[in-house]
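Engineer: Listed here are the chains, written in short residue letters.
Protein chains: 2
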Amino acid sequence: MQVKNYIKENEQRFYDELFSLIRIPSISAKSEHKQDMIRCAERWKELLEAAGVDKCQIMPTEGNPIVYAEKMVAGATRTVLVYGHYDVMPAEPLELWDSEPFEPVIKDNKIWARGADDDKGQSFMQLKAFEYLVSNQELKANVKFILEGEEEIGSPSLDKFLRDNVELLKSDVILVSDTSMIGKDTPSLTTGLRGLAYWQIKVTGPNRDLHSGHFGGAVANPINELSKIIAQMVDENGRITIPHFYDDVVDMSAEERASYASIPFNEEEYKKLIDIPDVKGEAGYSTLERNSCRPSFDVCGIWGGYQGEGSKTVIPSIAEAKVSTRLVANQDYQKVSQMFVDYVAQIAPKGVKVEVTPMHGGQAYLCPTDHFAYRAAEAGFEKAFGKKPAAVRRGGSIPIIATFEKILGVKTILMGFGLEEDAIHSPNENFDLDIFHKGIEAIVEFYKNLK
Amino acid sequence: MQVKNYIKENEQRFYDELFSLIRIPSISAKSEHKQDMIRCAERWKELLEAAGVDKCQIMPTEGNPIVYAEKMVAGATRTVLVYGHYDVMPAEPLELWDSEPFEPVIKDNKIWARGADDDKGQSFMQLKAFEYLVSNQELKANVKFILEGEEEIGSPSLDKFLRDNVELLKSDVILVSDTSMIGKDTPSLTTGLRGLAYWQIKVTGPNRDLHSGHFGGAVANPINELSKIIAQMVDENGRITIPHFYDDVVDMSAEERASYASIPFNEEEYKKLIDIPDVKGEAGYSTLERNSCRPSFDVCGIWGGYQGEGSKTVIPSIAEAKVSTRLVANQDYQKVSQMFVDYVAQIAPKGVKVEVTPMHGGQAYLCPTDHFAYRAAEAGFEKAFGKKPAAVRRGGSIPIIATFEKILGVKTILMGFGLEEDAIHSPNENFDLDIFHKGIEAIVEFYKNLK
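Chains L and R are the protein sequences, given in the same order. Heads up: the first sequence is residues 71 to 521, going by the working numbering. Heads up: the second sequence is residues 71 to 521, going by the working numbering.
These are computed hints drawn from the structure, not numbers from a lab. All the given hints hold, so there is nothing to weed out.
Copies of the same chain look alike in the list, so a pair counts if it fits in one copy or across any two.
With a cut-off of at most 20 Å between alpha-carbon atoms, the simulated DMTMM-like pairs for lysine to aspartate or glutamate come out as follows:
#: 1; residue 1: Lys342; residue 2: Asp279
#: 2; residue 1: Lys518; residue 2: Asp440
#: 3; residue 1: Lys272; residue 2: Glu390
#: 4; residue 1: Lys457; residue 2: Asp504
#: 5; residue 1: Lys341; residue 2: Asp279
#: 6; residue 1: Lys272; residue 2: Glu379
#: 7; residue 1: Lys420; residue 2: Asp348
#: 8; residue 1: Lys125; residue 2: Glu112
#: 9; residue 1: Lys272; residue 2: Asp345
#: 10; residue 1: Lys230; residue 2: Glu132
#: 11; residue 1: Lys115; residue 2: Glu87
#: 12; residue 1: Lys420; residue 2: Glu306
Put together the whole structure using the sequences plus the hints.
Structural biologist: Below is the structure:
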């Protein structure tokens, strides 16, 4: 049977099953939902078993359990590890929802509910594609599933779980449906994510706030000096000045740049949306390239001295800032973190004491478009959506993707089907049914094209 | 009778009279002391009349009254207007006082009380010098007194009082004892005060805080941009870069610089006192010159973005700073204020909106050392302290001094006798009795040397 027909014939059952997952308020951020987490994991186990896995187990962690399942296929040359998460974000503010967040409704050809997209809806598509292939006896690869229950709170138990189960999770590629596409008519695959390095800088001048009349001009002012340090970090071409910062950056290929140039993007609308007079960034790159394929340097917070009403004439004792860079492949965040510490020490002005405290960080991720599984995903999208998907990197960070590569040693294919308007993490989360159907088809085609 | 003998003979009465002023808690900042203000003005009137003025009146203002008195001398060629203030700062924190703030005690050859120096003690010295000259029939100049009751709250009624009484206050010079000397063994006269211009800068980027992953690198960050604006204001030589900023600056004369070079100053102790690794300022000038004779640019406060614990990856919508310059003669603060507004507009980066709001300001003051009254004051100090006083400018601002010059058209001689250790505005304010005696003598000699 064709996948399209299979979906049509089973459509109501698919919704019923997905809704049974959605109706469990598996909110990992709230401890009162501890039992819901277990119920949701158990429901996943039932559905996985019904879909045709050989074995399935709910594996405890220090936090919420992880559901593991597998189907081994005789003669298979590839093993795919599917990752998803069964936990969801809280639904607040509840008054902004047009329907009950945990009682899904279908309206305007969309499912409306918390988790409809992120990630119950998307994970469920993986399950249904698997089910079709099993029932149609077309599955040629081994498939392993892990579904975690702590993604929305930063996956605190995942790292240990991966390290403890390297053998169990052995695979050739990881497949994740938890990201988004450029648009409904612009299918895309996420090929990269940015990394992050973050620091706090503290500039200490005099041991107390000084009268700016009595001392002004003779004593270094911590805010002036902090501003100078920050101002030096990015040059007039928008390039970060930390020595060797770009050494490990994988520059965009001509092919990737051509692909980016073809992405529909209206800069005027972009500026209007966030109400800025102009875009600004690294010379020689477009806005889409700047916010995903190139590193950035942003001060996230700054404070010092008098911040109240009116004027107070003071040289403050202390000024502080939180600063961060988004990194790209193959920058190592720990190496960059140290570079920054060294650079600030080198340029630190003499009249003040400058301390830099590295905060959290994460590695960037990049999937080559000639990866065997990327090619399969591309073929899957093309078949299902009728268009070759754009290969795009995303500016944000999903730390677990880099963790997978580090611990399990394999690349992840980010085969996400979300849309910007799906309102994940917000009231009225929704998921488009056309995409739901096409996505299942795309995943089926992924497996069929796996070489 | 010699002034020294006169002081010795009348010492106890002097203390009794001064203490009667000090015992009135004339705290202008607190409305519950309204009656004390009037009592203190009345007590001044009694003392002025007893000292020999021709007439004295308590003149109402919208705030606390101003005491006016005068003594006209037949054949006088000069008129001196003595300014002082009868209000004091609040005494809090009371628990840090070793004695009652409004019950003066003499200990270790000092008077301990709120107002012992600032400005009851110092104004009273003016009164006693005048009294001696009258009683000894040596007064050759007309003398006018004004004592205001709002100096510690910014003299809100003085401006109008001066404008309304230009004729009454007509004089050749104003004499004020309300500043300090370099040290007990280093008498000095204050020849200059710095002016002030103050602004608030607001840099607005996107209309809301943005995810630094999704937008970082493509959108101007208000904190980065504000830092750049600030960093550009002072160059590597410590010179302020605002175009034409120095055009009206009266540079120090070779004579003044030589005088400064001879002032005892221990830079290591200065650094140690405020615990800074090094001093910093305009190239080519010493620390003492930098903090009094040269302009300065200080950020007094800055804020924007995330200032809490940990890290938040955000491009803030807004960043703000309070910035100020200390000005020197003959910079006009309103002109400089506009220069800054224009300069920021000129260098404002394109991706953000930059607004500058001028706040309060004040003019600098400079008294030439060849002024007839300065020469008289110098001679007075030399006679009383046995040393030619150093001519020094002060880094702070006393706006009323510039106001006197603007409205009344005459220079002010800042014949102050305070010491750094007098702890004015702080607990345990005190005033040295040796200086109290020598100061009266110095003022007497001032009048005698007036040409």
